[in-house]
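Here the protein sequences come in this chain order: A and B.
The C-terminal position of the first sequence is numbered 335 in my numbering, with every residue numbered one higher than the one before it.
The C-terminal position of the second sequence is numbered 797 in my numbering, with every residue numbered one higher than the one before it.
You may find that some hints are simply not true.
Lysine-lysine pairs mimicking DSBU-like chemistry, simulated, CA-CA at most 30 Å apart [claimed, not checked]:
hint	chain 1	residue 1	chain 2	residue 2
1	A	K38	A	K327
2	B	K770	A	K329
3	B	K379	B	K770
4	A	K111	B	K770
5	B	K545	A	K111
6	A	K38	A	K329
7	A	K195	A	K329
8	A	K195	A	K327
9	B	K545	B	K379
10	A	K327	A	K111
11	B	K770	A	K327
12	A	K111	A	K329
Bear in mind the hints are in silico, worked out from the structure with no lab data behind them.
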Amino acid sequence: MEWYLSLIWASILGVAVAMYVVLDGFDLGLGILFPFTKSESERDQMMNSVAPFWDGNETWLVLGGGGMLVAFPKAYAILMPAFYLPVIFMLLGLIFRGVAFEFRWIAQTSKPHWNFAFAAGSTLAAFSQGVILGTLVQGIKVENGAYAGGPFDWATPFSILCGFAVVAGYALLGATWLLVKTEGRIAEHAREQAKYLFGIVVIFMGIVSLWTAFGFPRIAERWFSLPNFWFFSPVPIVTAIVVLTGWRALANPAREVLPFLCAIALFFLGYTGLVISNFPYLVPPSLTVWETSAAPSSQIFMLMGTLFMLPIILGYTGFVYWIFRGKVKEGEGYH
Amino acid sequence: MELDPVYFARIQFAFTISFHIIFPTFTIGLSAYITTLEVLWLWKKQDHYHRLARFWTKIFAVSFAMGVVSGIVLSYQFGTNWSRFSEFAGNIVGPLMGYEVLTAFFLEATFLGIMLFGWNRFPPALHVFACFAVAIGTLMSTFWILSANSWMQTPAGHIIENGVAVPVDWLAAIFNPSFPYRLAHMATAAYLTTSFVVLAVGARYMIAGKFPAEARTMLHMGIGFAAIVAPLQLFIGDQHGLNTLEHQPLKVAAMEANWNEKGSAPLILFAWPDQKNQKNHFEIAIPGGASLILRHDMNAGIPQLSSVPPAEQPPVANVFFAFRIMVGIGLFMIGAAWLGLLLWWRRSLFQTRWYLWPAQHVWWIGFVAVIAGWFVTEQGRQPWVVYNLMRTADAISPVPGGSVFTTLVLFVVVYGIVFSMGIYYINRLIANGPKIPSDSPAPSGMPNRPFSSAPNEKEVRL
Ligand code: HDD
Ligand code: HEM
Ligand code: HEM
Numbered sequence: 001m002e003w004y005l006s007l008i009w010a011s012i013l014g015v016a017v018a019m020y021v022v023l024d025g026f027d028l029g030l031g032i033l034f035p036f037t038k039s040e041s042e043r044d045q046m047m048n049s050v051a052p053f054w055d056g057n058e059t060w061l062v063l064g065g066g067g068m069l070v071a072f073p074k075a076y077a078i079l080m081p082a083f084y085l086p087v088i089f090m091l092l093g094l095i096f097r098g099v100a101f102e103f104r105w106i107a108q109t110s111k112p113h114w115n116f117a118f119a120a121g122s123t124l125a126a127f128s129q130g131v132i133l134g135t136l137v138q139g140i141k142v143e144n145g146a147y148a149g150g151p152f153d154w155a156t157p158f159s160i161l162c163g164f165a166v167v168a169g170y171a172l173l174g175a176t177w178l179l180v181k182t183e184g185r186i187a188e189h190a191r192e193q194a195k196y197l198f199g200i201v202v203i204f205m206g207i208v209s210l211w212t213a214f215g216f217p218r219i220a221e222r223w224f225s226l227p228n229f230w231f232f233s234p235v236p237i238v239t240a241i242v243v244l245t246g247w248r249a250l251a252n253p254a255r256e257v258l259p260f261l262c263a264i265a266l267f268f269l270g271y272t273g274l275v276i277s278n279f280p281y282l283v284p285p286s287l288t289v290w291e292t293s294a295a296p297s298s299q300i301f302m303l304m305g306t307l308f309m310l311p312i313i314l315g316y317t318g319f320v321y322w323i324f325r326g327k328v329k330e331g332e333g334y335h
Numbered sequence: 336m337e338l339d340p341v342y343f344a345r346i347q348f349a350f351t352i353s354f355h356i357i358f359p360t361f362t363i364g365l366s367a368y369i370t371t372l373e374v375l376w377l378w379k380k381q382d383h384y385h386r387l388a389r390f391w392t393k394i395f396a397v398s399f400a401m402g403v404v405s406g407i408v409l410s411y412q413f414g415t416n417w418s419r420f421s422e423f424a425g426n427i428v429g430p431l432m433g434y435e436v437l438t439a440f441f442l443e444a445t446f447l448g449i450m451l452f453g454w455n456r457f458p459p460a461l462h463v464f465a466c467f468a469v470a471i472g473t474l475m476s477t478f479w480i481l482s483a484n485s486w487m488q489t490p491a492g493h494i495i496e497n498g499v500a501v502p503v504d505w506l507a508a509i510f511n512p513s514f515p516y517r518l519a520h521m522a523t524a525a526y527l528t529t530s531f532v533v534l535a536v537g538a539r540y541m542i543a544g545k546f547p548a549e550a551r552t553m554l555h556m557g558i559g560f561a562a563i564v565a566p567l568q569l570f571i572g573d574q575h576g577l578n579t580l581e582h583q584p585l586k587v588a589a590m591e592a593n594w595n596e597k598g599s600a601p602l603i604l605f606a607w608p609d610q611k612n613q614k615n616h617f618e619i620a621i622p623g624g625a626s627l628i629l630r631h632d633m634n635a636g637i638p639q640l641s642s643v644p645p646a647e648q649p650p651v652a653n654v655f656f657a658f659r660i661m662v663g664i665g666l667f668m669i670g671a672a673w674l675g676l677l678l679w680w681r682r683s684l685f686q687t688r689w690y691l692w693p694a695q696h697v698w699w700i701g702f703v704a705v706i707a708g709w710f711v712t713e714q715g716r717q718p719w720v721v722y723n724l725m726r727t728a729d730a731i732s733p734v735p736g737g738s739v740f741t742t743l744v745l746f747v748v749v750y751g752i753v754f755s756m757g758i759y760y761i762n763r764l765i766a767n768g769p770k771i772p773s774d775s776p777a778p779s780g781m782p783n784r785p786f787s788s789a790p791n792e793k794e795v796r797l
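With the hints as extra help, turn the sequences into a complete structure.
Structure, rendered in structure tokens:
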């Protein structure tokens with residue numbers, strides 16, 4: 001019983017993080033792309049394309065953090081001090097981009113400041129998330145069940161590289177989202193950007209994969225020992241297919257949704273790779289999901305609520321996306 | 336110099352949560368108020384209700400955004416600054432906050448989209464429903480987070496196993512002894528605080544001679560609501576205090592600054608508590624008053640601070656003064672609301688400048704009372720973070736004081752900017768007032784209008 005409870009919880013957490021990365025990924029991506037357009041009206045449309053959703057999207061982050069506290073309090077208690085500074089930077093970034101959504105419309109003369117806050121906040125948040133990811137992969141120093149590293153253990157070339165990779169990845173999600181939600185000049189512009197970003201993201205993914213595979217022996221062993229190698233070989237093959245499909249879809253102006261789906265698929269594959277590399281460790285390389293799990297009664301109590309509520313949440317989230325479907329038009333704004 | 340992480344983590348928590356609570360207080364009240372306005376509009380078909388609802392929605396949006404971003408900081412702070420607390424109490428506090436995310440945060444955040452952007456696009460019924468969903472969401476959020484906090488005040492339904500709290504009876508843990516009182520008191524505080532903001536804005540327009548229909552409605556609604564709820568709050572607060580007397584006697588001793596009086600305890604109106612010498616200076620008191628309020632008997636004794644060593648006492652002066660600020664504001668609110676009622680009854684409310692002029696300036700008093708109340712609650716619990724189970728000093732993360740100090744400075748700077756701009760923008764929205772630009776082309780703002788079925792809608796192509 002307790003054995004698979006922790007597995008179920010690990011999957012729920014995994015889903016929450018994946019939902020967050022995709023959904024807030026394109027919001028943050030728009031912020032990252034903000035400085036690359038000169039037209040204020042294009043910026044308005046970019047913001048309008050996510051304004052009704054961003055708050056719900058961000059809530060998946062709360063579920064991810066909260067879920068970890070619920071199901072794996074020991075992991076939470078080790079990881080948060082380990083990620084201390086990057087987490088705070090992420091939060092500060094999210095503060096600026098969050099309030100910019102509201103302030104920017106009211107501001108008159110200081111509108112450029114809030115453009116800047118939106119762009120810088122989004123970029124900082126995305127970068128910090130990448131750094132956190134990199135820090136997790138490279139391993140956390142634990143002694144006596146507590147974090148035993150220093151405040152700057154996260155600052156390594158690998159985690160910084162992951163930071164840039166996530167910024168590029170979110171920007172790609174943002175650009176391809178604009179293909180779905182806008183039309184005309186702004187969509188053309190986004191398609192150009194997406195082509196570059198697509199290439200950059202593929203390169204980043206390549207470097208990060210090779211680095212993890214060859215730089216961290218425990219991960220190399222996971223992938224290259226037999227028979228694992230054969231089980232996992234579809235991952236790079238599927239990735240190659242997705243890259244090709246995405247590339248062709250971007251070249252074809254009639255394809256408006258496919259590029260976005262391919263960008264999501266890329267994220268999903270990278271994510272799968274990560275899970276393969278690290279499972280069952282929640283605090284690599286020392287603590288597994290089982291060693292950090294909460295009391296079974298807490299996991300069960302929360303699981304009942306989650307199984308009941310999650311479909312409802314997905315239902316009304318889908319509903320809101322549906323009623324706001326279609327393209328954003330120029331010059332439209334609710335304010 | 337060694338920086339003490341516990342000290343800075345406490346300041347950081349107090350700072351970030353005091354900042355956060357301002358916005359929930361307002362959004363809980365405002366979402367309910369906007370829903371009420373919209374229902375009134377649909378029912379009475381008077382346009383100024385519509386204008387008011389849209390006006391407050393804009394302010395709501397700004398306040399909500401600040402509530403969300405500051406709230407996310409808090410939920411992560413449990414891990415970054417209080418990781419040992421998270422480990423100790425995670426089995427109980429975790430699921431409570433988890434239920435908050437599942438039942439409240441998603442609901443609010445998702446329907447917020449419709450509430451803010453759905454004005455011209457959807458049928459009013461859907462819009463009212465969205466407002467209602469947001470209002471319910473904020474209340475559910477209050478429910479769960481206060482349950483978590485109350486468990487830290489009066490833990491129940493758990494056992495201690497291997498040094499961590501493990502739940503054995505969830506109902507007892509959720510509905511722990513102080514929770515019903517805290518929930519009632521806080522929810523009422525939110526509505527009351529908002530009613531004074533509404534009242535103040537009404538008074539402001541009335542004095543300026545602008546938006547008369549809206550000003551009258553706001554004055555009536557604000558005063559009418561506060562006149563009933565402010566006395567109710569006094570009653571709930573009193574009951575809350577009696578509950579505290581039973582479960583956290585030392586907190587009450589600190590509120591009353593009662594060092595060692597074992598017999599009939601006076602009601603201290605003013606004093607300067609001196610923790611070092613364990614006594615009060617400059618005391619002005621009503622003999623037997625505290626005993627009368629708390630025990631309904633002039634001669635019954637109340638808890639004494641001297642029953643524990645000084646190191647185990649909460650910071651008395653803070654609790655003592657914060658409590659008086661809150662109760663003082665509570666009494667002031669009763670007086671202000673009833674005075675308004677009297678003027679309303681004599682049909683001179685809208686002309687009485689000596690009432691309206693101060694009224695427009697007291698929009699903030701509820702927020703001060705809320706923060707003061709929380710200071711009583713939280714500091715009165717010290718030195719415990721989970722009452723009688725875990726000390727605050729043992730709850731800290733293994734992080735260097737320098738990190739906590741640096742991030743504290745960053746929070747102060749960032750919140751300072753965001754907060755002052757937020758207040759400034761809200762003030763600007765209020766100054767602009769409830770106008771709907773009638774000539775505006777149906778501000779269809781967002782993508783699509785499903786219910787207006789525009790014929791030239793372009794299909795999205797896969
Ligand atoms: C009395 C009610 C109350 C209290 C005591 C708190 N909150 Fe809060 N919180 C709310 C009432 C609320 C709310 C009304 O639900 C908010 C305010 C504005 C909003 O967007 O939702 C909110 C927002 C909010 C959010 C953002 C939710 C989202 O993404 O939509 C988080 C993560 C938290 N809070 C977390 C906390 C934590 C960890 C607290 C204590 C330590 C806390 N709140 C105290
Ligand atoms: C929203 C209104 C709240 C306010 C204004 C508030 C205020 C404070 C203050 C001033 C402190 C510092 C006390 C001191 O160190 O002397 C504190 C500490 C703390 N509070 Fe609250 N609090 C609130 C709600 C909550 C809630 C809802 C929770 C938990 C679910 C909570 C958990 C804590 C914790 C963990 C600490 C840190 C340990 C400590 O310093 O005692 N608080 N709070
Ligand atoms: C009118 C007389 C009032 C009395 C007798 C009263 C009583 C109390 C008491 C005894 C506590 C501490 C509870 C504890 O921690 O054990 C408290 C807390 C609090 N009060 Fe009041 N109160 C009054 C008015 C108000 C008003 C007007 C507001 C706000 C508009 C307010 C907001 C709060 C809040 C937010 C808390 C902290 C949360 C809680 O513990 O409930 N109070 N009050």
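Cross-check of the supplied hints:
{"no.": "1", "hint": "A:K38 <-> A:K327", "verdict": "holds, 21 Å"}
{"no.": "2", "hint": "B:K770 <-> A:K329", "verdict": "holds, 24 Å"}
{"no.": "3", "hint": "B:K379 <-> B:K770", "verdict": "holds, 19 Å"}
{"no.": "4", "hint": "A:K111 <-> B:K770", "verdict": "holds, 22 Å"}
{"no.": "5", "hint": "B:K545 <-> A:K111", "verdict": "holds, 28 Å"}
{"no.": "6", "hint": "A:K38 <-> A:K329", "verdict": "holds, 18 Å"}
{"no.": "7", "hint": "A:K195 <-> A:K329", "verdict": "holds, 23 Å"}
{"no.": "8", "hint": "A:K195 <-> A:K327", "verdict": "holds, 21 Å"}
{"no.": "9", "hint": "B:K545 <-> B:K379", "verdict": "holds, 22 Å"}
{"no.": "10", "hint": "A:K327 <-> A:K111", "verdict": "holds, 25 Å"}
{"no.": "11", "hint": "B:K770 <-> A:K327", "verdict": "holds, 28 Å"}
{"no.": "12", "hint": "A:K111 <-> A:K329", "verdict": "holds, 21 Å"}
Violated hints: none; the structure is consistent with every hint.
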